[in-house]
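Undergrad: Sequence:
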Amino acid sequence: MLKHSSFVVLLTALLGALPASAESLYTKKSPVLQVDATNYDRLIARSNHVSIVEFYAPWCGHCQNLKPAYEKAAKSLEGLAKVAAVNCDDEANKSFCGIMRIQGFPTLRMVIPSDKPGKPKHEDYKGPRTAKGIVDAVVEKIPNRVKRLTDKNIDDWLTNSNETAKAILFTEKGTTSALLRALAIDFHGKIQIGQIRNKETSAVDMFGVTKFPTFVLLPGSDKPSVVYDGELKKKPMLEFLSQVAEPNQDPPPLKKSSPQKPKKPTTTAGDTATDKPTESANDSTDPREPKKFTASERRSQAEEPKVPQLRVLSTTTDLRTTCLSSKTGTCILAIVPVPSDPNLPPSMSALQALNSLSDIERKHALRQARLFPFYVAPDDIEEVPKLRDELGLKSDIVEIIAINGKRGWWRRYDSADGSKYGVVDLEKWVDQVRMGEAEKHKIPEGALLSESKEEPKAEPEVIPEQEPEKEPEQEPEQEPEEEPEAPPQDEPEQKTEKEPEHEPEATPSAIPETEPQQETTESPKEPKTAVHEEL
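Residue numbering for the sequence shown follows full-length UniProt numbering, beginning at 1 and increasing consecutively.
Hints are not guaranteed to be accurate.
[To be verified] With a straight-line cut-off of 20 angstroms between C-alpha atoms, the simulated PhoX-like cross-links for lysine-lysine are:
| hint | residue 1 | residue 2 |
| --- | --- | --- |
| 1 | K72 | K132 |
| 2 | K141 | K116 |
| 3 | K72 | K126 |
| 4 | K235 | K75 |
| 5 | K75 | K234 |
| 6 | K67 | K132 |
| 7 | K173 | K152 |
| 8 | K132 | K75 |
| 9 | K234 | K72 |
| 10 | K211 | K327 |
| 11 | K211 | K173 |
| 12 | K147 | K126 |
| 13 | K211 | K190 |
| 14 | K233 | K75 |
| 15 | K173 | K190 |
| 16 | K67 | K126 |
| 17 | K72 | K190 |
| 18 | K394 | K440 |
| 19 | K190 | K234 |
| 20 | K141 | K72 |
| 21 | K147 | K190 |
| 22 | K173 | K147 |
| 23 | K386 | K420 |
| 24 | K406 | K327 |
| 25 | K420 | K394 |
| 26 | K152 | K121 |
| 27 | K28 | K147 |
| 28 | K152 | K199 |
| 29 | K406 | K442 |
| 30 | K173 | K126 |
| 31 | K442 | K327 |
| 32 | K173 | K234 |
| 33 | K363 | K428 |
| 34 | K72 | K29 |
| 35 | K147 | K75 |
| 36 | K199 | K211 |
| 37 | K75 | K141 |
| 38 | K442 | K394 |
| 39 | K199 | K72 |
These are computed hints drawn from the structure, not numbers from a lab. All of these numbers come straight from a predicted model, not from anything done at the bench.
Could you build all of it, start to finish, from the sequences and the hints given here?
TA: Shown next, in the form of structure tokens:
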């Protein structure tokens, strides 16, 4: 007991400190825009600009490795495109990530505006997980609304819609920069923006341009042109153009005409007809809010205090009475390696596994779904190493098994040699166990613990509590033959057996089938990307 008590105490404390909800990987000060299921459509899907969105989970090691490069890319693309992130481990976003068909973390997806507002194109980014790789891919997808001008077409362009403001960039480069393309998107429909090379001598001489790049604003009509003399940066150039027109709002403002829509189907002549649609509109909207709000409020008040905490087993008796006897029903057992120094915390992979199991247990408790119990068994319990040997489990990684002593079967979770303990993968496996779909193995004869082996050790702890309850009830009968057949002792065991195997409320995970986590490659040093100064 003394040998492993320090590790058990430490492990129990760590489990008690696990957050109730998934924390975001990015802080409020991060250049990465944090998006959720409620504002994704407005901020991303309806945006005028290209976006790249990372779907991630805070516990994901690949996501944590990507964070520095992703934040660096966000700084480089500031004002040119949106760099956003969605926390799929947040309970409020799990169904949304499922709808988006996210099957691994991190998933990077580019969202490209189309001609139809709110219906963008989606492309998964599969390039290098570096700041430069991400920036280059996003810049390539920025739409080009800049007019390519030459000596031949500049006169027609200038005379067409002469009252409309125009802006021209004179440059030595043949390609259109991301900065100029972003400005053209901001002022689309308000200011026409063109680009002309220094080789077009007639056009260059027309405006008296002598150095490159030069940015010229033509306010329209007979107003004189204005030459920009500031930095080639998005913010000052935006302010420069704003003197003749306001940029387009992004995201676009919400329409305010929705309250009038319910009146159309029932419109008739007379005042009485106009009152009815108003009442029906209220009737159709008001009941929705109380149902959703009241239900969630009641659940949070009634269920959150009942959320279980993963129990850490500390003795062989605990192991036998919870999972490893011929009378125990289905349970999930996480077998955790103990560090050489029991005062040290468990490994990161162990913490990830326990965090995921804790999240799954909490999720089912909050939605009042029946679930078999989860336990943690450190390796320094005497019988745990023997259990690893009997079941052929590895000794240096966290092994997670489902076992049913009564029915004599067990199932092993495949962690890919200790590298896959994410909540998505584990929840999928737990659902398979609940539905009886996971592969079963027969429990070896030596794996279960018998009561006879444990009676000497268990007597000083268990018997003082049980004897006062049993003896007064059975003394007046004095019939030892009926004691083993007494129903009060058998009924609890039968209930625990039936709960996990025939789960009527079993529901699949909100997120569909999950592939192994995607690899993340980091480059130690990357060249600086001067996206804003490439004019």
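Undergrad: Decide, hint by hint, whether the structure agrees.
TA: Hint check:
For the given pair, K72 sits about 9 angstroms from K132 by alpha-carbon distance, which is consistent with the 20 angstroms threshold. Of the supplied pair hints, the one linking K141 and K116 holds, its CA atoms being roughly 17 angstroms apart against a limit of 20 angstroms. Pair hint K72 plus K126 holds up; C-alpha atoms about 18 angstroms apart against a cutoff of 20 angstroms. This hinted pair checks out: K235 and K75 have alpha carbons roughly 14 angstroms apart, not beyond 20 angstroms.
Pair hint K75 plus K234 holds up; C-alpha atoms about 13 angstroms apart against a cutoff of 20 angstroms. A distance of roughly 14 angstroms separates the Cα atoms of K67 and K132; the hinted pair therefore holds under the 20 angstroms criterion. Taken as a hint, the K173 and K152 pair is honoured in the structure, with Cα atoms around 19 angstroms apart against an allowance of 20 angstroms. With a CA separation close to 11 angstroms, the supplied pair K132 and K75 stays within the 20 angstroms bound.
Distance hint between K234 and K72 is fulfilled; the C-alpha atoms sit about 17 angstroms from each other, no more than 20 angstroms. A C-alpha spacing of about 88 angstroms is found between K211 and K327, which places the hinted pair above 20 angstroms, so the restraint is violated. Restraint check for K211 and K173: the C-alpha separation of about 13 angstroms stays at or below 20 angstroms, so the hint holds. Among the hinted pairs, K147 with K126 is inconsistent with the structure: their alpha-carbon atoms are about 31 angstroms apart, more than 20 angstroms.
Of the pairs offered as hints, the one joining K211 and K190 is violated, with about 27 angstroms between alpha carbons and a cut-off of 20 angstroms exceeded. Between the alpha carbons of K233 and K75 the distance comes to roughly 13 angstroms, so the proposed pair stays at or under 20 angstroms and holds. This hinted pair does not check out: K173 and K190 have alpha carbons roughly 25 angstroms apart, beyond 20 angstroms. Between K67 and K126, the direct Cα distance comes to roughly 16 angstroms. Compliance with the 20 angstroms bound is thereby established for this hinted pair.
With a CA separation close to 32 angstroms, the supplied pair K72 and K190 exceeds the 20 angstroms bound. Between K394 and K440, the direct Cα distance comes to roughly 18 angstroms. Compliance with the 20 angstroms bound is thereby established for this hinted pair. A C-alpha spacing of about 17 angstroms is found between K190 and K234, which places the hinted pair at or below 20 angstroms, so the restraint holds. At roughly 19 angstroms between alpha-carbon atoms, K141 and K72 fall within 20 angstroms of each other, so this suggested pair holds.
Pair hint K147 plus K190 holds up; C-alpha atoms about 14 angstroms apart against a cutoff of 20 angstroms. Proposed proximity of K173 and K147 is supported: the alpha carbons are some 14 angstroms apart, at most 20 angstroms. A threshold of 20 angstroms between alpha carbons decides the hint, and for K386 with K420 the separation of about 24 angstroms lies outside it, so the pair is violated. Straight-line distance between C-alpha atoms of K406 and K327 comes to about 5 angstroms, which keeps the hinted pair within the 20 angstroms bound.
In summary, the hint linking K420 to K394 is supported, as the alpha carbons are separated by about 15 angstroms, within the 20 angstroms threshold. Among the hinted pairs, K152 with K121 is inconsistent with the structure: their alpha-carbon atoms are about 35 angstroms apart, more than 20 angstroms. For the hint pairing K28 with K147, the CA-to-CA distance comes to about 38 angstroms; that exceeds 20 angstroms, so the pair is violated. Of the pairs offered as hints, the one joining K152 and K199 holds, with about 12 angstroms between alpha carbons and a cut-off of 20 angstroms not exceeded.
Only pairs whose Cα atoms come within 20 angstroms are accepted, and K406 paired with K442 is accepted, the gap being roughly 11 angstroms. As the CA atoms of K173 and K126 are separated by approximately 29 angstroms, the hinted pair breaks the 20 angstroms bound. For the proposed pair K442 and K327, the alpha carbon gap of about 16 angstroms is at most 20 angstroms, so the pair holds. The hinted pair formed by K173 and K234 meets the criterion: a straight-line CA distance of about 18 angstroms does not exceed 20 angstroms.
For the hint pairing K363 with K428, the CA-to-CA distance comes to about 13 angstroms; that is within 20 angstroms, so the pair holds. Between K72 and K29 the CA atoms are separated by roughly 13 angstroms; this keeps the pair inside 20 angstroms, and the hint holds. For the proposed pair K147 and K75, the alpha carbon gap of about 28 angstroms is over 20 angstroms, so the pair is violated. For the hint linking K199 to K211, the alpha-carbon distance of about 12 angstroms falls within 20 angstroms, and the restraint holds.
Proximity of K75 to K141 is assessed by CA-CA distance (about 18 angstroms); at most 20 angstroms being required, the pair is judged to hold. Taken as a hint, the K442 and K394 pair is honoured in the structure, with Cα atoms around 18 angstroms apart against an allowance of 20 angstroms. The hinted pair formed by K199 and K72 fails the criterion: a straight-line CA distance of about 36 angstroms is larger than 20 angstroms.
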